[in-house]
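Novice: Chains as they are written, first to last, in the UniProt record's numbering: chain A, 1 to 185; chain B, 1 to 639; chain C, 1 to 334; chain D, 1 to 198.
Among the hints, erroneous ones may be present.
Claimed, not checked - Between beta-carbon pairs, the in silico distance windows are:
#1 117(A) - 244(C): 51 to 59 Å
#2 147(B) - 146(D): 27 to 35 Å
#3 314(B) - 6(D): 33 to 41 Å
#4 100(D) - 553(B): 35 to 43 Å
#5 59(C) - 553(B): 47 to 55 Å
#6 33(B) - 100(D): 49 to 57 Å
What the hints assert, rightly or not - With a Cα cut of at most 27 Å, we get these calculated DSS-like pairs of lysine-lysine:
#7 79(A) - 271(C)
#8 79(A) - 195(C)
#9 584(B) - 639(B)
These are computed hints drawn from the structure, not numbers from a lab.
Where a beta carbon is used, it is the ideal one built from N, C-alpha and C, also for glycine.
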Amino acid sequence: MRRLVAIAAAIAVLSACEREDREFRPPPVGTEAEAPVTLSSIAPGTGPAERPGEMGQAYEENAYHLSEGKRLFTWFNCKGCHANGGGGSGPALMDDSWIYGGALLNVVQTIREGRPNGMPSFRGKIPEEQIMQIAAYVRSMERQVPQDAAPGRNDDLMPRPSEHRLPARPAVPGGTVPPSGQAPQ
Amino acid sequence: MSETMLEPHAEEPLDTDLPDGELAKRLATTWGTAGGIIGALSTVDHKIIGRRYILTGFLFLILGGLAAVAMRLQLAVPDNSLIGPDLYNQIFTMHGTTMMFLFGVPIGEALAVYLVPLMVGTRNIAFPRLNAFSYYVYLFGGLMIWVAFALNIGPDNGWFSYVPLAGPEFSPGKRADFWAQLVTFTEVAALAVAVEIVVTVLKLRAPGMTLDRIPLFVWAMFVNAFLIIFAMPAVMLGSTMLILDRLLDTHFFNQAEGGDPLLWQHLFWFFGHPEVYIIFLPGTAFVSAIVATFARRPVFGYPAIVLSLIATGFLSFGLWVHHMFTTGLPQLGATFFTASSMMIAIPTGIQIFCWIGTLWDGKPIYRTPLLFVLGFFFIFVAGGLSGVMLASVPIDTQVHDTYFVVAHFHYVLIGGAVFPLIGAIYYWFPKFTGRMLGERLGRCHFWLAFIGFNVAFFPMHISGLRGMPRRVYTYPAEMGWDTLNLISTLGAALFVVSFLVFIYNVAASARGGDIAGDNPWDAATLEWATTSPPPPHNFDRIPFVTSREPLWAERETLPVVTGLAVDKREVVITTTTEARPDLKESSPDPTVWPFVSAIVVTVIFIATIFTPWALAWGAPAAALVMIAWFWPKSVEEDK
Amino acid sequence: MRCCRPALVALPLTLTGCTGWQSSLDPQGPQADTLATMFWVFTAILALVWLLTMAALFLSLRRARAERAGPLVLEPQAERSMTRAVSAAVAFTAAIVIALTVVSYAAQRALFSSHEAPLTLLVKGHQWWWEVTYEDGQPSRRFTTANEIHVPVGQPVLIKLQSSDVIHSFWVPSLAGKMDIVPGRENRLVIEASKDGIFRGQCAEFCGWQHAHMAIAVVAHPAEEFERWRENQISAAEPPDDPLRKRGMEIFLSRPCVMCHQIRGTPAAGKVAPDLTHVGSRLHIAAGTLPNSRGNLAAWITDPQGIKPGAHMPLMKLAGDEIEPLTRYLEGLR
Amino acid sequence: MEHRVVRDLSDLPSYAFGPRMTMWWGTLSFCLLEGTGFALALGGYLYLAFVNPDWPLGPPPPLFWSGIFTLLMLASLVPNFVIERAARGENLFRVRLLLVVMSAAGLLVTGARVMEFAVLPVRWDFNAYGSLLWVILGLHAAHLVTDVVDTVIVTVLMFTRHGFGRRFSDVEDNAFYWNFVVLSWLPTYFVLYWVPRL
C-alpha cells in the first residue's frame, strides 16, 4: 500500500515537472536526430502513424512548448496559408486527415523540408526546437496532445474554441491536398 | 446521545444543582473532545480549532518567510544567478500569496476564533462545525498551493495575478489555475469564519455585555468580519472569471472580444485594499488589549475608537483605485480617490492618538507585549505616512511598483499586523498554554526583530526612489542599487534570527515556562476569568457583565448566571444590543462530517482545475456529505 | 552567467546620495522636477508629523505619574485635557490631509493636463523590449527603432503607449512619472528633457520572465543633433561594401534572424522583434541588457537564453565562422 | 475567582424564531456576502457595458422563459410568506403541505431556468457579453438550486420524527433565504434583460 502511494506520488511529481517545465535553453538537437524520420512515412496513407519519439513526447506534453508553438505559428505567419487551422490556400490542420503523416516527426519534417504544392522549406530559417514546438502545436489543433498541456484561448478574436477544449482525436494519415492548395498543372 | 431519552425535560441536571468541583467535571465531559484520530478530526471546540489555526498560520508565515529569504539572497548582489527568473517569479508569487491569503487574513481570524468566544463569555463559537470545516478548507488549500509549488506548478504572476499575464495566452499550464483555486479555498474559509464572528458577537455575548461594554478587541474583530464579508466576494468573483477565461474560453478580460483587463484590477483591488485593513484591524485589536493591560487603565476614548474602526471599515471600500493611478484613468476620478485615500489617515490617527493618550495617563509596565506595541507605533506610523505619499497621484507615478512601495507596505503590514501579533502571542500565550513565555528571550526577540526589520526595509525606500522596480529577479551592477540591497539582505538575516529566537522561546516555554495562573497580567477582559488554559466549556458558569472592564470592576467575586444544562451543550443567546438573556440554544456536538465535507470540497476544487465537469459530478457528492452533516442525529437536537 | 562581484566596491557610489541615471530624485526634466519637489515637500511635512507623534509617545512614556488607587480610578480633569489634546491632534491631521490633497491636485492638474507636443512617438511594449515609432505627417518620414528614444532638449514629446501582449509600464524616472501600457488602450504621456544626456528607464509593471531586463534609454540632444540623428534613422540601411560584411548579410538573410527582424533596405522584414536597420548606432542591445559592442553582440547571438532566460530570441547554433561576419555586419549598421 | 450568582436562566426557552436565533443572523450574513457578489457581478456587467460603445455585443436574451421564471418567482413569495407564519405557529400540517408546494414550485422554477439557459442567444465563449450572461445567470442558478435542494431536504425532514421543536425554526429560516433568492433575482433580471433593451 505504502509503496503504491509512493509510486503514485513519484509519477505525479515527474509528470507535473515535465508538464510545467519552462525549458528556455534547449538541449542540443543534433543533426542525427533528424535522420530516422527523413524517409519513413513521406508517402500518403502508408501504414499506421509512427509513435513519436521520447523527445517529441516531451514537446507535446509540455504546456510551455505548446504555447510557444502557438505564438510562433502566428509570428512566422503560418496563418497566412493555414488560417487558424481551418485551412486556406494551405490544407486545414484541424481536420483529422494528414497528407504526409500525422506523427510529430512527420509534421517536423513537413515544416523543415517543405512539401510540394506550396509548403516552403524552413530548414535553417527556424531553429530545430522551434520547429518541434510548432509541430507539437499543430498537433494540438487536433487535440493529439494531453488536454492539460494544450493551449487556451488567445487575447484576440476567437474564431473557434481553443485547443484544450477540442475533443481528443487519434491521427489518421492520408487525405488530399485541397484544390486551392494545388500548384497550377 | 441515547435515542431512548424521548421524555422532554426528564431529569436534565442544571448547573444550579451541582457543587463547583462536580460541575466543572461534568461540564468538561459534556464539552470535551474525544480522544483518537476520529475524535481529533471531529472536534468543534473553538479553542482547539483556534490553536490549530494559529499554528497553521505560523507554519505558513515560516514558509512565506523562507521564500523571502530566497529572494533576499538572490538580490543581495547584482547580476546574481542563484535563482533564475522562472523560479524567482514563482517564489515572489508564493511569498505574497502565502503572506496575504494564508497568513495575514487567517492569523487574525485564528486569534478571533480562539479569543472572541472567551472575551464575550460564551462556551463556543457560533456554528462550531462550520468553524471546523473552514479550518480544514484553509489547511487543504494552503497545502495544495505549496505542494503545487514543490511540483513546479507554483503560480508565477505575482500575488495580484494581473491579466493578461495570468490569462490563458501568457500563462500556459496550470500554475495560474492553482492560484485561482487557492483564492477560492481561502475565501471560503475566511468568509465562514467571518460569519461565525459576526453571529458570535451579536448573539452569544454574556448577559449584561451591552454594545458599549464590548471589549475593543471584539469590536475590531467584529468590524473586521464585516470587511471580510463585503470584500472577499470581489476576489472570488474575479478568480472565478480568471479560471473561466483560462479553462472555458470566456472573455471577461479579453479586450478583443469586449472584455477589459482593467476589470480584473477593479475587482481585485476592490477586495485588495480592504484586504490591507482586514490584516491591520486585528492588529488594532491586539494593540487595544495590550495597551489597556500594560498602561494599567482602560483605553482612552472608547467611543472614538469604535467609531473610527467603523469609519475605517467604510472608507476602506472607497480607495481601491489608488492602486490603479498609473493605468491612465480619468484625472477627476483619480482625485476623488486621492482624497478618500488620504482621509483614511484620520480614523487611523484617532486610534493612534487615543492609544498614546492611554499610555500618557497610564503607568506603563514594560513587558515584552508592550515592547512590540511600541515597535508597532514606530514602524506603523512611518508606513502610514508613506502611504499618504502614495495617495497623491503625481507622487504615485514615480513610486508606484517600485521598492518604495515594497518598503511602504512592509512597514504597514509588518508594523501594523505582525508586531502587534507577536505582542499578542506573548500576551495570550499564558492563556493558551498555562505557561509564560520567557521574558529575557522576549526582549532579545524584540530588539533583534525591531532592528532587523528597519535595516531590511528602510533602504528599500531609497532603492525604490533610485529607480528600482519591484519584482525584478536581478539588476545590473551599474545601477548603484547593490549596497542598499546588500544592507536589506543583512537586515533580513537579522529579522530571521529574531524569529529563531521566538521559535526557541515558544518551544522551551511551552514545556518549562513559569506557571501562569488565571490572570498573570491582571487584565480586565473575560478570557482571564477562567483557568489557563481554559476548560473545554470555557466557563463553569456564564459570567454576568456589569462593566466594560469586568475583571477590574469586580475584584472580589465574579457575577454569574446559572440554570444551564450540564449534560448537553447549551449556550446563552442574548439580545443584540442590550444583551438580555433570551434563549438557551443547543450547541452542536462534535462530528467528523465537516472534515469529510472539506475533503470533498478540496477534491472538487482541485479537479475543476483540470475539468469543469468536476463541478457537475462533485455537487451531488458535496450535497450528500452536507446532508449527513446537518441531518439531526437524535430527537434531542430538535428541541 | 557572470560572477557576482563584491558589492562593497560600490559603497562610495551610494553614499553620494540619491542620484543615478534612473533616479526619481535626480530630475532632468520639468515634470520630474515638479515631482521631486512634491516628493520632498511631502517628505518634510510627513517626517515632521512622524517626529511629533514619536515625541508625544516618548513623552507620554517618560512622564512622571502619581500613584493611582486602581486601574478604573480615572481623573476627570486629566480625561478632559486628553480629550482636548486628541481632538487638537485629529484636527491637525485633518488640516494636513486636506492641505496635501489640495497640493496634490494642483500638481496633478499642472502636470497631466497638456497632451500637445510637436513630436509624437508611438512606443509599443513587447515582452521584453520596446518598439519605438517616430510618427510624421509624411509616411516616408516615419521610421521604427527599438529600445532607444532620442529627443531634442527642451521640447515636449508626446508618447503614445500601446502594448502588443501584456501590461507594461513606461517609466523614465529622471524625466517623468510612469504610465501603464494596457492592451486595448492607448495611454499618453508627455516627457521633456531640460538638458542633454542619457536617461535610463525600465518597465515598471511585472510582465513575465524578463521584466528585470526591459530597459529603455532616452537620449536627449540639442535640436540640430537630434535632426541629424533622425535623418539618419529615416534612411534605409546601407548595403555592406567589404566581403566580410557582405557575407554577414547573407548569413543574416539565410538564417533564423530574418524570420523576426527587419533591416530596411534588405529583404529582412520581420516585425515581431526589434528593427535592426541602425542597430550599430544604439547604445545597448537586448533592451538595455548589454552595452553595444561586437563582443556582446556575439555573446547575445550565441547564447541569448543564458543572458536573458525566457526571452523570445532563440538559440540558433551558428557555425563558429559565421559569428564574426554576422556581428561585423550588424555593428556596421549605423 | 469566586462566583456570585446574580440570575437564574432555567426558564429560558431553547428556540425561537427570526432574529432571536443565531441561524437567522447566520443566514442574513450569508445573504449579505452573496448579495455583495451579485452587486459586483452586475457592476462588472455595467462596467463592460460602459467601456464597450456598442453594447450589447449580441441580441438581448429573449423574454419568454425569463418572464415565466420571474412570474413564478414572484408568485412563490405568497406560499413562502404563509409558510413563515405557519412555522411560527408550529402548525405541522400546514407546514408540511406548504413545504410540498414550495418544493414543487422550486422544481418548476428550476425547469424554467434550464429553458432560460437553453434559449440564450450568445454562447459564453463568443464574447464578453455572452460570458457575463452565462456567469451571472449561473451564479443565480447556483443559489436557486441550493435553496431548492435545501427546501426538499427540509420537507423530507418535517415528514420524519424530527418534525417538531426547533425544526420549525429551520423551516422559517429556509423560507427567509428563499426571499433572498427572489429578491436578488429582481435587479439581476433588470440588468440582464432590460438594460440592453433601454
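Novice: So, for every hint listed, does it hold in this structure?
Specialist: Quick rundown of the hints versus the structure:
1. For residue 117(A) paired with residue 244(C), a C-beta distance near 39 Å fails the hint of 51 to 59 Å.
2. Distance hint for residue 147(B) and residue 146(D): a CB-CB separation of about 30 Å, consistent with the stated range 27 to 35 Å.
3. With their beta carbons about 38 Å apart, residue 314(B) and residue 6(D) fall inside the hinted range of 33 to 41 Å.
4. Under the hint 35 to 43 Å, the C-beta atoms of residue 100(D) and residue 553(B), about 55 Å apart, miss the expected range.
5. With their beta carbons about 30 Å apart, residue 59(C) and residue 553(B) fall outside the hinted range of 47 to 55 Å.
6. Hint check: residue 33(B) to residue 100(D), Cβ distance near 40 Å, so the stated range 49 to 57 Å is violated.
7. Between residue 79(A) and residue 271(C) the CA atoms are separated by roughly 15 Å; this keeps the pair inside 27 Å, and the hint holds.
8. For the proposed pair residue 79(A) and residue 195(C), the alpha carbon gap of about 47 Å is over 27 Å, so the pair is violated.
9. In summary, the hint linking residue 584(B) to residue 639(B) is supported, as the alpha carbons are separated by about 11 Å, within the 27 Å threshold.
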